[in-house]
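A.B. asks: Here is what each chain is made of, one letter per residue.
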Amino acid sequence: MRNRKKAVPERLTKREALSLLRSSDLLEVGRQADDLRKDIHPEKVVTFVVDRNINYTNVCVNKCTFCAFWRNEDDPDAYLLDADTLFRKIEETVELGGTQILLQGGLHPALDIDYYCDLLRSIKDRFSITIHGFSPPEICYIADSTDLTIGETLKVLRSAGLDSIPGGGAEILSDRVREVLSPRKIRSSRWLEVMETAHGLGMRTTATMMFGSIEKPEDIVLHLDSIRELQDKTGGFTAFIPWSFQPGNTELAGQQGNPGAAGAGRRRSKTVFQPATAVEYLKVLAVSRLYLDNVKNIQASWVTQGLKLAQVALRFGANDFGSTMIEENVVASAGVSYRVTRGDIVDSIKSAGFKPAQRDTYYRVIGEY
Amino acid sequence: MEDKALSGGRLTRKEAIGLFESDDIFLLGRLAASAAVKKNGNKAYFIRNMHINPTNVCVNRCRFCAFSRSRGDKGAFELSIGDILSKLASVTKGGRNSGATGQKRLQGSNGGIREVHIVGGLHPDRPFGYYLDMVSSIKERFPFLHIKAFTAVEIDYMSKISGLGLSGTLSRLKKSGLDSMPGGGAEIFDRSVRERLCPEKISADRWLEVMKAAHKEGIRTNATMLYGHVEDYTHRVDHLLRLRKLQDKTGGFQTFIPLAYHPKNTDIKGKYTSGIDDLKTIAVSRLVLDNFDHIKAYWIMLGEKISQLALNFGADDIDGTIIEEKITHSAGALTGEGLTAVQLSHMIKKAGKVPVERDSFYRKVGQ
Chain A
36 MRNRKKAVPE RLTKREALSL LRSSDLLEVG RQADDLRKDI HPEKVVTFVV
86 DRNINYTNVC VNKCTFCAFW RNEDDPDAYL LDADTLFRKI EETVELGGTQ
136 ILLQGGLHPA LDIDYYCDLL RSIKDRFSIT IHGFSPPEIC YIADSTDLTI
186 GETLKVLRSA GLDSIPGGGA EILSDRVREV LSPRKIRSSR WLEVMETAHG
236 LGMRTTATMM FGSIEKPEDI VLHLDSIREL QDKTGGFTAF IPWSFQPGNT
286 ELAGQQGNPG AAGAGRRRSK TVFQPATAVE YLKVLAVSRL YLDNVKNIQA
336 SWVTQGLKLA QVALRFGAND FGSTMIEENV VASAGVSYRV TRGDIVDSIK
386 SAGFKPAQRD TYYRVIGEY
Chain B
6 MEDKALSGGR LTRKEAIGLF ESDDIFLLGR LAASAAVKKN GNKAYFIRNM
56 HINPTNVCVN RCRFCAFSRS RGDKGAFELS IGDILSKLAS VTKGGRNSGA
106 TGQKRLQGSN GGIREVHIVG GLHPDRPFGY YLDMVSSIKE RFPFLHIKAF
156 TAVEIDYMSK ISGLGLSGTL SRLKKSGLDS MPGGGAEIFD RSVRERLCPE
206 KISADRWLEV MKAAHKEGIR TNATMLYGHV EDYTHRVDHL LRLRKLQDKT
256 GGFQTFIPLA YHPKNTDIKG KYTSGIDDLK TIAVSRLVLD NFDHIKAYWI
306 MLGEKISQLA LNFGADDIDG TIIEEKITHS AGALTGEGLT AVQLSHMIKK
356 AGKVPVERDS FYRKVGQ
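Going line by line, the protein sequences match chains A and B. Following the numbering used here, the numbering of the first sequence begins with 36 at its first residue and continues without gaps. Following the numbering used here, the numbering of the second sequence begins with 6 at its first residue and continues without gaps.
Do not rely on the hints blindly, as some may be mistaken.
In the DSSO-like style, the derived pairs of lysine-lysine whose C-alpha atoms are separated by at most 27 Å in a straight line are [said to hold, decoys possible]:
#1 A/K385 with B/K269
#2 B/K179 with B/K331
#3 A/K390 with B/K269
#4 B/K48 with B/K354
#5 A/K390 with B/K44
FYI, nobody ran anything at the bench for these hints, they're computed from the structure.
Just need the whole structure built from these sequences, with the hints factored in.
C.D. replies: Here is the structure:
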């Protein structure tokens, strides 16, 4: 049963994407995504980046209901990393062959743009490392608190050393869903505006999507469509990273798990919020590959799915294994933690039938295994 | 080959090896899933069960095992029959006084377990009577509990201790309350691989002989295959073919369970299997073992995620609640030790299958 590829692949419509998401034929959706992945990446290479996820603070004014990481400024376990700790973390990263730090944090009310610029400069002064940092909610918060436009803010940060921007904070780009998940977080249009502006300045960014909370398939399609439309305009997205909501220790799971709370009697319910299963993850991943025909790289999320499912994901549209994650705090705070070494990642890619390669932030291969 | 698989034709050795070597996991999955639907419709099964390991003291020293100990080793343990009964009582709530309430709970009405799975090491000096007592005491105290116990390796060992031969040993156990047998100890049948993995363990011939004797006594059993260590695809296929051959004769196997090797704390070390290999192995097993009713994706070893996917690759069973698992966890299992019936049922539904809570003979229970 050799599959014949179309000479010019037709672009998936929203309606088609929706019907694929609703399809019960997981293997057929997977096969289509795998075929497209083979067209885009015929060389059978699967890339990964060696980096460290550094969260400079967990203090955050947004307090999103799906997040288990945020704290109030006066909470006993609230923190702001001091410079020595930060430099030590980066030094370790460089020693381990890391090329990038993913620098993200909460929206801390006491920090201003000077703090961020100093932070960036102090890192660049000491280390030759790519700073992939500050997702759109942080960029907007910095801009608003200094009365600068997004463009001005990005220019200032870039000249202080910011290299590229991670796609976090996108969650689901549907304001209906954001109203519930993250009412204080920037709206879809602002997220897209930050990305468009960054791309306009020549900065590359990634895009993410967090699914498996309260969204409907229509919301996922809306999200994918917003990314594809902007990518048509700018071409600035390097990769798309879908990952699933991890309900541990989050307010959202508490609400969902206790449906009687709002009603009379506060009936205690034992219903547990069920995270997205493997079948749902692979389907969303495959549809993302198919819909985002203009985004070159699709990342498998071993951090949320485990290595075995990430391997299978390489046959459902993904071509990148993300980061070796020398340190990861946010997902771990929701109770999910797979401890994995670079060797494990290389082995996993190989035994899934692919050639592992280390890449930089811009998805250029810098080392083969 | 595709037409043959779809029409239910029997696969040859060469075709089965070809399936393992194929890169087309989507075709493989589709063929296996359609074979599964022919056997079990859209159903996928789970059971409320518990695992008990009476001891980890074992005279064998299998190279792939991280569970076994010698007597007196650090971490060696031996459960008394009393210990086993209290473990069971603790998960069946009303079981302690073995009154009518307890019996009702065990029937599943309050989420009690229906089956206990008992496997352990080959203990150097426990008499045959200990095993008979274990089974009869459980049966007496928990009459509604299905006792699935003792691998072919343990039965062979008991037959030596008892001097009663296989059929004598099996019939005494059955009279005492043994209901069925698990499929462990099969590992890989190939002689040279077996020599490297578990030189002290009974041979493939003997394993099959025990199973044949059990089937003859009217004891249904499962069958397993440990893969992902030092074997290759031909060894896997030969293993499956020998099982298929015996099943043609006896029809006594209920379920085949491919077991993914776990490398931590073992002598032969090595690596975890890939998720893709796990799914392929499920699919090829489903296609080759056309005379087995069920293929199980054992979630303890595959992980919940791969087990769920396996339901789209030919499996129709994901085992059960288990509660406490020691053997795979000694070798670095990445899963928890238990899942609830609600979680199992959710996984099955999201795979597009109809969850069916079963008893030990795959009869539907509950709503």
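A.B. asks: Starting from the hint list further up, note which numbers the structure goes against and sort them upward.
C.D. replies: Structure breaks hint 5 only.
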